[in-house]
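Residue-level listing of the chains:
2 protein chains.
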Amino acid sequence: MTNEEFRAHAHELVDWMADYLEGVAAYPVKSQVQPGEILARLPALPPEQGEPFDALMTDFKEIILPGITHWQHPSFFAYFPGNSSPPSVLAEMLTATLGAQCMSWVTSPAAAELEERVMQWLRGMIGLPDSWEGVIQDSASTATLCSLLTAREVRSGRGVNARGFDGSERYTVYCSTEAHSSIEKGVGIAGIGRGNLRTVGVDETFAMVPAALERAIVEDKSSGRTPLAVVAALGTTGSTAIDPLEAIAEITSRHGLWLHVDAAFAGTALLLPEHRSLLNGIERADTFVVNPHKWMFTNFDCSAYFVRDTGALIRTFEILPEYLKTAEREPVHNYRDWGIQLGRRFRALKLWFVIRSFGVEGLRERIRRHCAMARELALRISAEPDFEVMAPVPFNTICFRYHPSEPLAEPPSQPRAQRPPPRRAEGPGDTGRLNALNAALLERLNATGRLFLTHTKLNGRMALRLVIGQTAVEQNRRTARALPPLKGLPQEIPAPSIV
Amino acid sequence: MTNEEFRAHAHELVDWMADYLEGVAAYPVKSQVQPGEILARLPALPPEQGEPFDALMTDFKEIILPGITHWQHPSFFAYFPGNSSPPSVLAEMLTATLGAQCMSWVTSPAAAELEERVMQWLRGMIGLPDSWEGVIQDSASTATLCSLLTAREVRSGRGVNARGFDGSERYTVYCSTEAHSSIEKGVGIAGIGRGNLRTVGVDETFAMVPAALERAIVEDKSSGRTPLAVVAALGTTGSTAIDPLEAIAEITSRHGLWLHVDAAFAGTALLLPEHRSLLNGIERADTFVVNPHKWMFTNFDCSAYFVRDTGALIRTFEILPEYLKTAEREPVHNYRDWGIQLGRRFRALKLWFVIRSFGVEGLRERIRRHCAMARELALRISAEPDFEVMAPVPFNTICFRYHPSEPLAEPPSQPRAQRPPPRRAEGPGDTGRLNALNAALLERLNATGRLFLTHTKLNGRMALRLVIGQTAVEQNRRTARALPPLKGLPQEIPAPSIV
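Top to bottom, those sequences are chains A and B.
Taken in order, the first sequence gives residues 1 to 499; the numbers are from my numbering.
Taken in order, the second sequence gives residues 1 to 499; the numbers are from my numbering.
Okay, chain A solo, but in the shape it has when bound (with noise of 0.2 Å):
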């Protein structure tokens, strides 16, 4: 392909892509292929002779889309938004186009000057402490297992690293039941052992209870164990629910442990001034982890990962082969010593555009548009006699299930305004009942194709999760004239009954 074709090409494409971003809401948001099919229609053999692009285009369009699940649809309510933007697609063009590599400051200085300053914008749009220095990594999987190398290497004094365990170390670590899955795969990654995990009980609203944890680590103590590090989440992957930082902290400094705060998905609501006191004893912590390529119209990938003791962290993972030696080792930031990978994208890039294209007050303007949403929304399903919301909703994720008030086998009737009498205690059998009553709801919806929720077990009860954070995503004003007033609905979002 010549340049001269590539900027045909490129231009029929920019068409393509804006006009698929203005359309996307007419795509069934979850693809509805089945399993095997795009495989089957991909021929087995690569062609010996180059195609022309159109042919690659009509594929794409014919083969590929139907199998994409269209994650900047407005309705992807699934999981926690990947959200790409307009300013992050057109920075994301130009670190394709320059090709740079970010692994020493020699190999682009630019890019890892302007990681650094991007950093420093984040830390301070989100309440960090000064002190602190961040690093984009490509998940917040890589952040935390990061984070518990590092803890790792610290507590044993650089020993792991240099002569591997020798089974003394007998380390633990501690989440809650309801934290994210890539903690215990990286406490087996570091070879603490999965096994070594300790999972703390959760109150009502699904966050850890400092109580349960101090117990915890003063039982492993007593029993010969190393407590290790602690991970606390500010905003769980269920329900976003917010372990007590303060709390937490205490803790882990008086017991000389390792604090880790997973902040992957809730951290972009730090940028809102109300939600800042969540952050109170940050000081304490250690490291932190926000995905702006969640919930900040940045593209994956993008895991800012910050850390107090940034020395601690380039000590656990440095190695200067000779081929990697330049001229500039001080004061400039080598990135390739920050992390696992050497090879990194000019990654900076993007969350430079994005910052300064919505700005922060812009940014913060969204994210607070988000939280309003689902918290009317939650409001309108707690008004709803059929359905019940599940767990707090702190930010924009709304756990839910339909639960009817009537028998299963009348179509569920109520009106509306009318609250159904309290329900009676749930036994075992009503909660499968219910579990399976709602996988077949959450099926049957996203086969619509016309939004795509995913599901959570809260205390072994399925909710539907929906959360309001896509780029893209607005209140249908036309719908909402068409429910009851929210003034009609209560003020508060009851606390969950079932629990």
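A couple of the hints might just be wrong.
Pairs involving identical chains hold if they fit within one copy or between any two copies, as the list cannot separate such chains.
List of simulated lysine to any residue pairs, SDA-like, C-alpha gap at most 20 Å [claimed, not checked]:
hint, residue 1, residue 2
1, 457, 218
2, 221, 425
3, 221, 166
4, 457, 476
5, 221, 154
6, 221, 133
7, 457, 159
8, 457, 429
9, 325, 36
10, 221, 210
11, 221, 27
12, 61, 36
13, 457, 439
These aren't lab readings, by the way, just hints derived from the structure by calculation.
Take the given structure of chain A and dock chain B to it, following the hints.
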């Protein structure tokens, strides 16, 4: 930024991108900025209000671009190339626009099934066994770490993952003294201990000596260690030396060790049938990595990791929290279980675009041309009285140094065709002097901005490395005509006399 603004800006950007790729040769290859220069031009605080795109582009051009080292420059001969290409950039534009996740099949079925198919294509293109399966990782560092972790889990019966090291493992890992730093880093991360990485001696071609490997294994066994894994390099980072795979596989089979093949850079040469014999013995290896993002014209990140036993890989990494459970378990591929990260970009698209756009034969032609250019340059260097080639040139990487045959005080003055008398044996003092001289030469060359070389050390001797593998590299025919005809040069690149 509205969709219409996005459309307009993206069109502007495409023209900038095409102009850039067309004119990249006019930039200094290696950025000439000083440490801190870029940072000082970036404001300390982010803007509260959004800024127009024009302001971003102005700053991109004026502040960022001077700090970019141009990896797509045709005279970028440093490190290994991190190639982009027009079809790959086009694919990245689509990937960024879709912003689709490829962590589970359901999160984008087409992304998962296209990854499956292009990994099958690539497997066949480079001659790996049909029964192996592939997955795209971000980098060879990660792939090698995955391999070491899988070896650890297979050997420990998944005990380390489950319970952590108990001190009885005492694993040792082997690679040559020329192997990549990611192995040492990975051995540390995996908890085996960098000190338990044995670096095996190399022969005069800088390839691992199998007998030395076996001696090290036997010694470790007899001192109560458990030899775990060998990493063989098809193309070391320093000089692209080729470890003898067949002999190594014979040893790992006999002693029951895991065998990982690191062909990150030179694996692309396996596209050429004339290099295919390098893979002899591969059926007894366990894992293999090649980076299309290096020499196969595919944007970073795209590291192709192939494994003989997919089950062993998945059992090392899989984890299934409730919120990731999906109806489709088999036979779909949920690539989140094939590596460390949960979140994964839709990376197969660019490799698909590249293979289809170039065609396999088109890729071969380019790779062949790169190798031919490197061979010609190596011949020309070896014919120069004041330069010497320091290592064999099996692919497209030339290690050489300036070694004036006259005393250093005088400028090199001998006519080109006249070979100098054999040099006297090189003492340690000479080596230090020559290293300093070549370091100065390297710095002076790179400061011109006209090309970018890096260096390595071979037997303690500093060598300049020149890798001819850029997407846009061409032989300058005008310059070539001014050179003495190739037939006047030696037909064989003289064996390095100084190893």
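Worksheet item: Are the CA atoms of residue 457 and residue 439 at most 20 Å apart within a copy, between copies, both, or neither?
Response: within (11 Å within a copy, 61 Å between copies)
Worksheet entry | Copy assignment of residue 457 with residue 476, given that the CA separation must stay at most 20 Å | neither (29 Å within a copy, 65 Å between copies)
Worksheet item: Quick one: residue 221 to residue 154, C-alpha cut-off 20 Å, is that within a copy, between copies, both, or neither?
Response: Answer is within; shortest intra-copy Cα gap is 18 Å, inter-copy 31 Å.
Discussion item. Please sort residue 221 with residue 210 into within, between, both or neither, judging by C-alpha distance up to 20 Å.
Written reply: within (17 Å within a copy, 47 Å between copies)
Practice prompt. Tell me, please, which holds for residue 61 and residue 36 at an alpha-carbon limit of 20 Å: within, between, both or neither?
Written response: within (18 Å within a copy, 45 Å between copies)
Worksheet entry | Same-copy or cross-copy closeness of residue 457 to residue 429 [CA-CA at most 20 Å] | Cα proximity of residue 457 and residue 429: one copy only (16 Å, versus 70 Å across).
Discussion item. When Cα atoms must be at most 20 Å apart, do residue 221 and residue 166 count as within-copy, between-copy, both, or neither?
Written reply: Both, since 19 Å and 18 Å are each at most 20 Å.
Practice prompt. If the cutoff is 20 Å on CA atoms, where do residue 457 and residue 159 land: within, between, both or neither? Let me know, please.
Written response: neither (40 Å within a copy, 29 Å between copies)
Worksheet item: Can you tell me if residue 221 and residue 425 fall within 20 Å by alpha carbon in one copy, between copies, both or neither?
Response: Neither: 40 Å inside a copy, 63 Å across copies.
Worksheet item: What label fits residue 221 with residue 27 when the C-alpha limit is 20 Å: within, between, both, or neither?
Response: neither (55 Å within a copy, 61 Å between copies)
Discussion item. My question is about residue 457 and residue 218: at a cut-off of 20 Å on alpha-carbon distance, are they close within one copy, between copies, both, or neither?
Written reply: So residue 457 and residue 218 fail the 20 Å test inside a copy (29 Å) and across (52 Å) alike.
Practice prompt. At 20 Å max between alpha carbons, let me know whether residue 325 reaches residue 36 within a copy, between copies, both or neither.
Written response: Answer is between; shortest inter-copy Cα gap is 19 Å, intra-copy 47 Å.
In this structure, the earlier hints numbered 1, 2, 4, 6, 7 and 11 are contradicted, and the remaining ones agree with it.
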